[in-house]
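Line order of the protein sequences matches chains A and B.
If you're matching positions, the first sequence starts at 1 in UniProt numbering and goes up one per residue.
If you're matching positions, the second sequence starts at 1 in UniProt numbering and goes up one per residue.
Among the hints, erroneous ones may be present.
[As the list claims (entries may be wrong)] On the chain B side, residues computed to face chain A include the following (Cβ under 10 angstroms): (1) Ser87; (2) Val91; (3) Ala97; (4) Ala179.
[Stated by the list, open to error] Listed next, with one range per pair, are the computed distances between beta-carbon atoms: (5) B:Leu64 <-> A:Ala151: 45 to 55 angstroms; (6) B:His120 <-> A:Lys105: 52 to 62 angstroms; (7) B:Glu128 <-> A:Pro77: 47 to 57 angstroms; (8) B:Ile202 <-> A:Asn41: 51 to 61 angstroms; (9) B:Val56 <-> A:Ile110: 52 to 62 angstroms; (10) A:Asp57 <-> B:Lys198: 42 to 52 angstroms; (11) B:Lys188 <-> A:Ile110: 35 to 45 angstroms; (12) A:Ala13 <-> B:Ala97: 22 to 32 angstroms; (13) B:Ile196 <-> A:Ile110: 40 to 50 angstroms; (14) B:Val69 <-> A:Gln193: 56 to 66 angstroms; (15) B:Pro62 <-> A:Ala151: 45 to 55 angstroms; (16) B:Phe30 <-> A:Phe129: 48 to 58 angstroms; (17) A:Glu47 <-> B:Phe72: 54 to 64 angstroms.
[Said to hold, decoys possible] Below, simulated BS3-like cross-link-like pairs (lysine-lysine); rule was C-alpha separation at most 30 angstroms, straight line: (18) A:Lys171 <-> B:Lys198; (19) B:Lys83 <-> A:Lys6; (20) B:Lys198 <-> A:Lys2; (21) A:Lys243 <-> B:Lys188; (22) B:Lys92 <-> A:Lys92; (23) A:Lys11 <-> A:Lys148; (24) A:Lys16 <-> B:Lys83; (25) A:Lys148 <-> B:Lys198; (26) A:Lys11 <-> B:Lys198; (27) A:Lys111 <-> A:Lys16; (28) B:Lys188 <-> A:Lys171; (29) A:Lys11 <-> B:Lys92.
Hints are computed from structural coordinates only; laboratory data are not their basis.
We put the beta carbon where it would ideally sit given N, CA and C, even for glycine.
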Amino acid sequence: MKLTLKIWRQKDANDKGQMVDYNINDVSPDMSFLEMLDVLNEQIINEGGEPVAFDHDCREGICGMCSLFINGEAHGPDRGITTCQLHMRKFKDGDTIYIEPFRAKAFPVIKDLVVDRSAFDRIQHQGGFISVNTSGNTQDANSLPISKHAADEAMDAATCIGCGACVATCKNSSAMLFVGAKVSQYALLPQGQVEAADRVRNMVAQMDAEGFGNCTNTGACEVECPKGISLDNIARMNREFFKANI
Amino acid sequence: MSGVLSSSIGRKVAMAASAFFLMFFLLQHFAINLTSIFSADVFNELSHFMGTNPAVQFALQPILIFGVVFHFVMGFVLEARNKAARSVKYVKNNGAANSTWVSRNMIYSGLAILAFIVLHFIDFWFPEINHKYIAMLPEDPNRYYGELVHKFHSPIRTGAYVAAFAFLALHLLHGFKSAFQSSGMSAKRAAKLETISKIYAIGIPVGFIIIALFHHFNQ
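Required output: the full structure, derived from the provided sequences and hints.
Following this line, the structure appears as structure tokens:
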């Protein structure tokens, strides 16, 4: 496959940045998207240029490290996958592919396609955990009766890998799907309910302080989420927030 | 509680609460206007009641004006904050791949409705306030039907009303469900509202269009 790539290049956080065109030949349809970028970077290095910086880690769709806004969609045109699981067979010979970083004021660009998603970490620090005594006297979790339905919903929410696709795809750069998932995974379980009020209050306050936008229920985040996190989690967060404040 | 209203979720729910109020008002406005097709006397009687009842005039009317102003101001505030949350735009953004046009463009359908409300106030509300509280003209319980029919004589005004109701339908197609979701209703339950949402969002504006066209062509 021969492709034209239009890639966002930005030296550092202070650089204005611009789209740069690259032509790449001999792309195998079996390559992953990130492998295609690896090949492009070899080509750029061989020509004496600066390789394109992009985030990646496990390359197994688990870690949430890879990002990229490909042809106008977070993680590209496929559904239910991260960029590392996107394969070049989804594109055609001669295609032009736009590759941009996840865009949000709360996700500033560090370099090229790498963005700083530590805003999510700071939200997590405000309550994305349970403070249980783990010194050896902890009650066996299996001794607490939990309905299958609640356990399933909590597990579904917990599958959020915090990649930021929801923020990147939302027209408002809202982080409510991420925060909703983190609030829900604990709010549904008895172990999480002890600190539920403080958790939702503090996490929402941090979300607002980071400068994320407000959800307007377009549903784009749910569609583009590689883990299929449901909009129900946003509705649950809203209910938890009001329960905590009224 | 004050912290709730200064939070993103608080503003979102406040927006939904004002939307519920306005949707209820729209329903009763439609019901009263609909009577004008069937009976001038019934329309005059209902309009006279709404126009002269002290509870409606001095309690409900200020609440309605507050609700309208609040919904628009909050809409603009949220839009400005949401725009500021992404300072650098995407070169290519395929929004149609994951969301509906109406859900992404509520601000534009809202602006069209705002322009219509200004026209509607100039057509009906300001003359009404002038009649009752400024010129202090004597009340004629049978004047309302004639005033309504007179306004729809102009094809330009009738066309503007029809266009505005089309924008209202677009706004409601997303707004109706969105208000429920913002209030904490799960997406699964909100999905069950799909049929009711479409009936309301299309039925009410189409009904208003029929009323406008009926009076335009029936004179």
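Which numbered hints fail: 6, 14, 20, 23, 25, 26
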